[in-house]
Amino acid sequence: MIDRHDPGQFGTGNRDVGPLRILYIEDNSLVREITCELLANENREVVALGSAEEGMVAYRDNRYDVVITDVNLPAMSGMDFVRQILKEVPGARVIITSGYSLRIDLASLGPHVRALMKPFDAPEIEALLASLCG
Amino acid sequence: MSRLCKINAMSSTTNRAPIGAVNLSVSTPELLEAAALCVINRRCREAYLHDVRGGLHALYSALELLARSAQIRDGDGTMAERATAIARRAMSNYEPLVLNTVESLTAGHDAEGLSEVDLGALTQEVSRFLRADIANKRLDVRLDIETDVRVRARRETARSWLLGLLLTSVDGSPPDQPLTVSLRREAGLARLVIAAAAPAAASAAPAAAPGDRPDALILAMAARWADSHGGRVEFAPAGVAGEEIRVYYPLIVTAGQEG
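Chains as they are written, first to last, in my numbering: chain L, 1364 to 1497; chain E, 60 to 318.
Only chain L is shown next, with the shape it has when bound in the complex:
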């Protein structure tokens, strides 16, 4: 099994067997509910939370395979959340979503960070997940 706490293994190369574990952070309850439904299937486990603080606790407990987060969140911002995750796990796979124009230098964040502007459809996020997780 992959050691999810080892940055050397986590986030790079192919994932080991088992469902893809996705942590999804979005404060808009309707968007969270719908996107969660769209992402979930028999090969995935999706945990959806409404704040970066909750997300940080969940991530530290479980080290998900992929983190998908909105930028504009109450209290801790999505970007601070992502930076903290990447600080703890430099190879973490992350997808940043936003309804604001994204002015982010993704390359400076890490090799496995992607961004997606809302509105996005299912094929777009599926393509990003495929590019990150193979």
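Since the hints were made in silico from the structure, they are not lab data.
So the derived label-pair ranges between C-beta atoms look like this:
#, chain 1, residue 1, chain 2, residue 2, range
1, L, L1465, E, V157, 21 to 27 Å
2, E, A94, L, E1416, 37 to 43 Å
3, L, L1469, E, A129, 32 to 38 Å
4, E, L173, L, S1471, 47 to 53 Å
5, L, K1450, E, E175, 45 to 51 Å
6, E, A295, L, P1486, 55 to 61 Å
7, E, P309, L, P1486, 52 to 58 Å
8, E, R187, L, L1465, 15 to 21 Å
9, L, G1454, E, I131, 31 to 37 Å
10, E, Q183, L, I1467, 25 to 31 Å
11, E, T206, L, E1408, 37 to 43 Å
12, L, R1446, E, L158, 32 to 38 Å
13, L, E1451, E, Q183, 32 to 38 Å
14, L, Q1447, E, V157, 33 to 39 Å
Just so you know, these numbers come straight off a predicted model, no measurement behind them.
Idealized CB from N, CA, C, for every residue including glycine.
Go by the hints and put chain E onto chain L.
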């Protein structure tokens, strides 16, 4: 109030520039105010655009769910029913987002189009626009908003000065400090208090051109706007180095709300 008076008294210069047979009168304060309003209205539009994109995202996703439910064998129709319910919610959420956005495009500061405005709901909404600024400074923002604080105002104008005051206070606050926003009904007036750990317009020179943070100008505009509707704006010290901005505005008094 001394700083405010100074701001109001500043720059009454009028430049007249002949162009062909036409004399154009350009008032410097008016130009500065127009520029400040542009900055504020741009912030409003960005925030509403964000909401509209989120709403569109919900609609796209709901349609995707409906399409999936039509493709799979959905014996008792549970998935289709659920997808339809979600799509309806997405649609009903979308309408006010679009209306707000359209309304923000017409923002100005004339006295026409007065209507009943829930100042509490507006304060909550405008505070949401500043999430990124608040998060960047790690401010501890506390909203203490009484419900049903209704005033007669032009909604777009009220939103502009409210956003301007909050933006100014957030910008003036040092990192990691509390910022309290409270709204109360008090003796026939709506009393809005923004308490920051630093003077709201400390860095603003009275004649500064409005950039992204048109501090002093915004304060002067808000004060004049409140004054023209029977209200007022006051400043008071708060804590060691902080300042409170207090806005008083006449309430629409309904039965059971007197006082």
